[in-house]
Amino acid sequence: MPHGTLDCMTLSLPDRAGLDLSGMLDVAYQQARQGLAEGGIPIGAALFAADGTVLGAGHNRRVQADDPSAHGETDAFRAAGRQQDYASTIMVTTLSPCWYCSGLIRQFGIGTVVIGEHTSFYGGEDWLRDHGTEVIVLDDERCTTMMSSYIAANPAVWNEDIGIAPADATERKA
Numbered sequence: 016m017p018h019g020t021l022d023c024m025t026l027s028l029p030d031r032a033g034l035d036l037s038g039m040l041d042v043a044y045q046q047a048r049q050g051l052a053e054g055g056i057p058i059g060a061a062l063f064a065a066d067g068t069v070l071g072a073g074h075n076r077r078v079q080a081d082d083p084s085a086h087g088e089t090d091a092f093r094a095a096g097r098q099q100d101y102a103s104t105i106m107v108t109t110l111s112p113c114w115y116c117s118g119l120i121r122q123f124g125i126g127t128v129v130i131g132e133h134t135s136f137y138g139g140e141d142w143l144r145d146h147g148t149e150v151i152v153l154d155d156e157r158c159t160t161m162m163s164s165y166i167a168a169n170p171a172v173w174n175e176d177i178g179i180a181p182a183d184a185t186e187r188k189a
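For our numbering, count along the sequence shown from 1 and bump the result up by 15.
Derived by calculation from the structure, the hints in this document are not laboratory data. Only a predicted model underlies this, so the values are computations on that prediction, with no experimental measurement involved. One thing to keep in mind: the hints can contain errors.
Quick list of the computed label-pair ranges, beta carbon to beta carbon [unchecked claim]: (1) W142 with Q98: 17 to 27 Å; (2) N174 with E53: 12 to 22 Å; (3) W114 with R93: 15 to 25 Å; (4) A102 with P170: 30 to 40 Å.
Note that the Cβ used here is the ideal one computed from N, Cα and C, for glycine as well.
Given only the sequences and the hints, what does the whole structure look like? Please build it.
If you want it as structure tokens, here you go:
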């Protein structure tokens with residue numbers, strides 16, 4: 016496992032022991048599937064209260080809304096509305112959060128991030144850990160398969176999503 020990944024199967028999490036992390040990931044995964052069905056990038060997320068109650072769920076809408084800031088985590092965060100305190104909340108996402116979404120997690124002090132997969136993309140996980148955010152990676156095969164299939168079929172859209180410029184200007188116009 017790269018970069019000190021936490022293996023959920025062997026990790027002792029006393030504060031999370033009663034939570035069904037797989038079930039929580041299912042909420043985010045369904046959001047990713049919805050985004051894909053809408054013609055978008057299949058990244059889903061959900062923000063949960065400490066007791067596992069869904070506060071908000073969303074998916075990447077960059078393509079659908081023509082909005083470069085409409086990432087899965089930001090969509091879930093917006094859907095959750097204002098919270099008094101984010102330290103006990105849990106952000107569950109199908110893919111490792113990018114730097115933009117990692118910044119949101121740090122800005123509001125979200126205490127825990129549960130990641131479906133980080134094989135296709137390894138975002139700001141180490142930075143989040145280094146700044147006190149609990150990071151749990153589930154290595155979910157469904158998430159890996161969906162994302163790797165999408166990237167293979169849509170490399171230009173994916174590169175745009177993660178901030179990689181096209182090889183030449185003509186690709187930019189397409």
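Hints and how they fare:
no., hint, verdict
1, W142 with Q98: 17 to 27 Å, "23 Å, holds"
2, N174 with E53: 12 to 22 Å, "20 Å, holds"
3, W114 with R93: 15 to 25 Å, "19 Å, holds"
4, A102 with P170: 30 to 40 Å, "38 Å, holds"
Checked against the numbered hints given earlier, the structure satisfies every one of them.
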